[in-house]
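Visitor: Going line by line, the protein sequences match chains A and B.
Heads up, the first sequence is in our numbering, so the first residue is 1 and it goes up one at a time.
Heads up, the second sequence is in our numbering, so the first residue is 1001 and it goes up one at a time.
It is possible that part of the hints are untrue.
What the hints assert, rightly or not - In silico SDA-like cross-links for lysine to any residue, where the CA-CA straight-line distance does not exceed 25 Å:
1) A:6 <-> B:1342
2) B:1378 <-> A:88
3) A:88 <-> B:1614
4) A:42 <-> B:1117
5) B:1378 <-> A:47
6) A:88 <-> B:1379
7) A:2 <-> B:1411
8) A:2 <-> B:1419
9) B:1519 <-> A:69
10) B:1272 <-> A:15
11) A:83 <-> B:1411
12) A:6 <-> B:1518
13) A:2 <-> B:1418
14) A:88 <-> B:1236
15) B:1378 <-> A:30
16) A:2 <-> B:1414
17) A:2 <-> B:1518
18) B:1272 <-> A:10
19) B:1378 <-> A:53
20) B:1532 <-> A:90
21) A:6 <-> B:1338
22) B:1378 <-> A:49
23) B:1518 <-> A:92
24) A:2 <-> B:1262
25) A:6 <-> B:1406
26) A:88 <-> B:1345
27) A:42 <-> B:1414
28) A:77 <-> B:1614
29) A:2 <-> B:1532
30) B:1519 <-> A:92
31) B:1378 <-> A:21
32) A:6 <-> B:1243
33) B:1272 <-> B:1372
34) B:1532 <-> A:69
35) A:6 <-> B:1380
Stated by the list, open to error - Some chain B residues near chain A, calculated using beta-carbon distances under 8 Å:
36) 1162
37) 1165
38) 1335
39) 1343
40) 1351
These are calculated hints, taken from the structure and not from any lab test.
In this text the structure is predicted, and so the values were computed from the model without any measurement.
In this text, a Cβ means the ideal position worked out from N, Cα and C, and glycines have one as well.
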Amino acid sequence: MKARNKFLLGGVLVLSTASYLMASSIDETATYYLTPAELASKVSDNPRFVKNGVKVGARVVSGSIVREPSGRSVMFKMTDGTKTYDVKHTGIVPDTFTDGVDVVVEGRLDANGTFQSTILLAKCASRYENAPDKYPDTPGYKQGMPATPRA
Amino acid sequence: MILVGELSLWVALLMAAWTTTVSFSGGLQGRPDLVKSGERALYATFGFTLLASIGLWTALFMHDFSIKFVASYTSTNLPKIYTFTAFWAGQSGSMLFWALILTAYSAIAVFSNRKTNRAMMPYVTGTLGIICLFFLMTMCFGANPYERLDWIPPEGRGMNPQLQNPGMAIHPPMLYLGLVGTAIPFAFAIGALVTRQLDAQWLGAVRRWALLSWFFLTIGIVLGMWWAYVELGWAGYWAWDAVENSSFLPWLTITAFLHSIMIQEKRGMLRKWNVTLVAMSFLLTILGTFITRSGIIESVHAFAQSPVGDWFLVFLIAAAVATAYLVSTRLNDLQANAELESMVSREAAFLYNNLVLIGICFATLWGVLFPILSEWVKGDKITVGPPFFNAVNGPLGLLLLALTGIGPLIAWRRASTTNLKRQFTWPVISGVVTFTVLFALGMRQMYALVSYLLAGFVFGTIIQEFVKGIDARRRMYGEGLFSASMRLVGRNRRRYGGYIVHFGVAILFCAFAGLMFKKDLTATLKAGESVKAKDAYGSEWVFTSQGISSFEQLNRRVVAASFNVTRDGKNMGILSSEKRQHVNAAGEATFEPSTEVGILESPKQDVYLVFTGAVDRETAAIHINFNPLVWWVWFGGIIMAFGGLIVMWPQALRAEREGGYVAELPSESTATLVGAGA
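With the rest of the complex left out, here is chain B:
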């Protein structure tokens, strides 16, 4: 099986090359037989990539340490689940995983469009073929997961203990599912540009993929934050690190696209912009991969300076040039057929939303690339840190939050004064009340107060939209509260699913603001000694050391420090933090000791305890953090993903197909059946 897998990789490469050649020439010469052959070759590319992947998994489970990849990331005593996830723990394996998702997505996209978009599809297939070809080539010639060692080690090196975490097992696949998803809309954009079919036809095929991409990226990013929080021991979840940023950039452009696509559907505006956003999302994905794999930028995440980076750079430049050429030669076809009528309209709110998202994207990109740019210009490498990102993205983020509340309230085209009054009264009251209450409670940090004011406004908007919609259904159909709310969401998944996403976003902002009130302290405690601390809410905590214990567990030796915790005299249980020394099957130490933090989690705040070191056999040095509202980051992330799921839910898809995909609706029909806020 391993040999079959190795050979399959090369066959897949040939198939991808065939797909590309045949699809483009079939499209240009108008020969359906060639086009058909290209599509079949793409399915075959997926088939052989799948075989290659099964081969690598087989090698991992059979512990074939003659393969460098297997020897480098696994050992015989690694738990089964992590042996499985070791597939994407290293450079070459993760490339294969990427290729697997890419070819699977491509095959699904081509298959589901086998009867539609015929003129465009040869170029879509061809473009996907090129992307697959690129990844397979990079693997075959640059980072082959099947590379052999010239000797067979008796045991593998094992997996870095920090990666032995459930979050890290799921985070990379989610991220890849999201990042790779940007390739499909990109291929459709290229197809649409080549065939000049730029009205709205291609958008129908693309929106669902963009949504899918957004969905997985959201989950991937939040999981990454969670992993960093529980595993790295610095009590934070986002450091504006180059690697974090490179997953955040395409997320921003996809989010912008999911909003601006609505303007093209309803008003036929923003055609150039939408093509650009789709292309940017894909290019930023490739740029991010280049940044993270080439070692060009310093990052907490460690990367080898591998030649793979150069491949990505070449591909990035080629793709950017091709896109720029296609867009510039088709500007006439991209002309909008409507104009912005009023500043006080939903279109304008959406445009500003796009502007702010792109602003954040640009500022972040600027911060990421600054060391390279400054080295070019001044000859010195100058880096910017989190303060830069916070200073720029903080205000922009709040502006975005405000728009999240404003957008749904304004009518399309031109909002009247009565419309504004009726729509804004309650949400604004909700925001102001939130602000006043918090101020009265003694909160004085301006940044946090503004965040909560705006979040209150957004919550008001969303609740008002739901109440109005449910109310309308109850009056019109005499439905009960429960069935009315279920049907309201079920019949308008895009709209109300979107509101649920907004709800999650507002929760996230509240959680971010919570960190302005974090507190921390360090202590060195003998068994029986205790330390007192006050949190941001004014409660008094006492941590009493229970001493240090040592024991063996699974594939590691553990030294644990435990503390009895009380809050205002009430017992909160035992909190432990561990130092783990991972060992191999022979009992020898592998890797450096890793720290496992102890977290006492609650919606109000996390108590985050790190055992930094043992001074002697019974004295532990610790670092305690009180992190308010962190719990809400994970909760907000789940809500966002849930909202995305509602928007994507396949039944909406079936209804869409039955009715035919109606894009660029005349503006009269935009008032939805019920719950019309306009």
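Extracted from the complex, chain A is given alone in its bound form:
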């Protein structure tokens, strides 16, 4: 066999191993990423869906956060405007978690319809944008003066 073909054979072997690893592990770790409304409709279509772990992206309802003093768990409500869920999160609470932020929670619904979350990611729109629409609400910056007209 020519060296070139041997190499190609080896290459195919490597790539097919990689593809196999990809295919087999995707099934194990793939997680639905849903909005609260989508989660509700999945559950009403198929009640067994509750058993699946899912990720939900939603916004924290302002004023709904109840923190346990140890900082290890927190309860809040999340919503996408159409459907609201109670969430009980146990685990690391990121510093950026606060009223009105967008969060991604990972976990599952329990029998009472509360979302039991184990992973909580909070997006503070700060890395690239400081949430410009919220800017005027920031305490202390309300009393700005109108801009002087520029030449």
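Following the hints, complete the assembly by docking chain B onto the known chain A.
Guide: Positioned in the frame of chain A, the structure of chain B alone reads:
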């Protein structure tokens, strides 16, 4: 100055447009006057972008809060250093920073090639012009850093406390210096494709830029890991997050290119592949920017859903189509002039190295894009998490580590059995001994054992190469040990610098494997109470609470929990973790409180303590992590950067120029003067 800066941005845009038009038409019509004008316009583009940047820095330092960018990311009480780095803390500023580096790189690349590669250069200049034009346009019309507010706030919003960290101050510039660097090789590849000068001429101009890019990306990625580790409080440094991945992807293709370029130089093979790798690196950079700025993919890093993303998508598609067209119409010119002779040869080892790197790249990209793809195909957004990336990239990474050890040992073209025996004996022994010792010490995790076996093999390879080289010099020139090792590296920077990089890589793998032995616990302690814990090495630790204290510091209010730490009864000092509430000049709270972790660092392991919350005024809830070998991640990163520096060191460049850049050497001359392993 601020107004000058604002106007300069628009002038730079015009200059970039002029560069593009004039360079391409000058090249096509063969008119040196137009080509010259294009090059000058490119220098001018850099000049005006620099003015625009100075203008923004001026606005930041003068606290001109009528500019939205300044008001959004700084405040009057922000420390000076962070006022300076606020330049790249937000979308539009970071775009300007990107453009600044891009135009500077372009100007340097065009200037240093003003006498060489004449046929190709108009197209190189033109391509760079297009890229500059794109960035400047995106800024002027999509995300202008000079955008005004219609009112002037008395105080700015300040910088997110998590970004007020030295790592975060340097990490973005390093990453940008690396990512932007991929544009230069890409422009040369386009120039070479258009003019069909595809032998090896363009490689000489490109290799140094690819190396530079690799160097900064490596530093940038490791700094990013360090930042995430010390700042985010989850005791890890890599989460396979979309944003992390998007800097990792071009790093993989550049690494592949830096290896495969050697095959083209020595054997004239892999021409198509090299062009493809260069193009892929650039396209992946743009794709990464698109992913991170468009908000299309969920990420821990927060991004606005800004229109800038669409601009990048359009640019990405246009660049990909143009490259694909050029490559497909020039396949004949890209024909290799040699063939693989044997599977047991360095060429084959390098080819497999490329294959594995691209495999990792593809798997990672697949994981990143999976939510989008699944939404297209099935209508449901499905995400994959770290287990996916670890399951695929773990084995591939180990294969790569093995190749890191094998590559340097095999001869070019065809290795003989005696060559193999002579070369492999000691490295293999080194690997097996490492494995046996660790197994005897009681380590049973297969993954970790294999990592250490392979790392031992790689260390063996590198040490053997150095010993042989130094030994040869001492015999040939009668040099002392020190001068022989200095000259060995000095005279063969590419080779031995490369080995030092490999050394760093192997150290990193050892450090990664260390995390398989991490342990953690949580506790709630009143002042005076203590908690006991055992680490992976079997030592017993005792943490005794010293209570909670509150104080004010710089621009923040701090609540700190401190613990007295002992290991096996030996006092290790005090470890504190803080909750910080940042305040503005008026003393009002800004942002959410941030957590500052306490880390007791040592090469053996880090003790990583997080103050999660105060239950009452004297009771602290904490999370303690024992993270073995994390210290070696930073050390390995430094070694890799150091090796890269040796390879890049300018003296090698001068020697190259004196001798003329010798590419596609006949294979007889590949045996280097000394330290020949072949």
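Visitor: Next, verify each hint and record whether it holds.
Guide: Status of the hints after comparison with the structure:
no.	hint	in the structure
1	A:6 <-> B:1342	holds, 9 Å
2	B:1378 <-> A:88	violated, 30 Å
3	A:88 <-> B:1614	holds, 20 Å
4	A:42 <-> B:1117	violated, 62 Å
5	B:1378 <-> A:47	holds, 20 Å
6	A:88 <-> B:1379	violated, 28 Å
7	A:2 <-> B:1411	holds, 19 Å
8	A:2 <-> B:1419	holds, 21 Å
9	B:1519 <-> A:69	holds, 24 Å
10	B:1272 <-> A:15	holds, 20 Å
11	A:83 <-> B:1411	violated, 66 Å
12	A:6 <-> B:1518	violated, 42 Å
13	A:2 <-> B:1418	holds, 22 Å
14	A:88 <-> B:1236	holds, 24 Å
15	B:1378 <-> A:30	holds, 13 Å
16	A:2 <-> B:1414	holds, 13 Å
17	A:2 <-> B:1518	violated, 48 Å
18	B:1272 <-> A:10	holds, 20 Å
19	B:1378 <-> A:53	holds, 18 Å
20	B:1532 <-> A:90	holds, 23 Å
21	A:6 <-> B:1338	holds, 16 Å
22	B:1378 <-> A:49	holds, 17 Å
23	B:1518 <-> A:92	holds, 17 Å
24	A:2 <-> B:1262	holds, 23 Å
25	A:6 <-> B:1406	holds, 18 Å
26	A:88 <-> B:1345	violated, 59 Å
27	A:42 <-> B:1414	violated, 60 Å
28	A:77 <-> B:1614	holds, 23 Å
29	A:2 <-> B:1532	violated, 63 Å
30	B:1519 <-> A:92	holds, 16 Å
31	B:1378 <-> A:21	holds, 22 Å
32	A:6 <-> B:1243	violated, 38 Å
33	B:1272 <-> B:1372	violated, 30 Å
34	B:1532 <-> A:69	holds, 22 Å
35	A:6 <-> B:1380	violated, 41 Å
36	1162	holds, 7 Å
37	1165	violated, 13 Å
38	1335	violated, 14 Å
39	1343	holds, 5 Å
40	1351	holds, 6 Å
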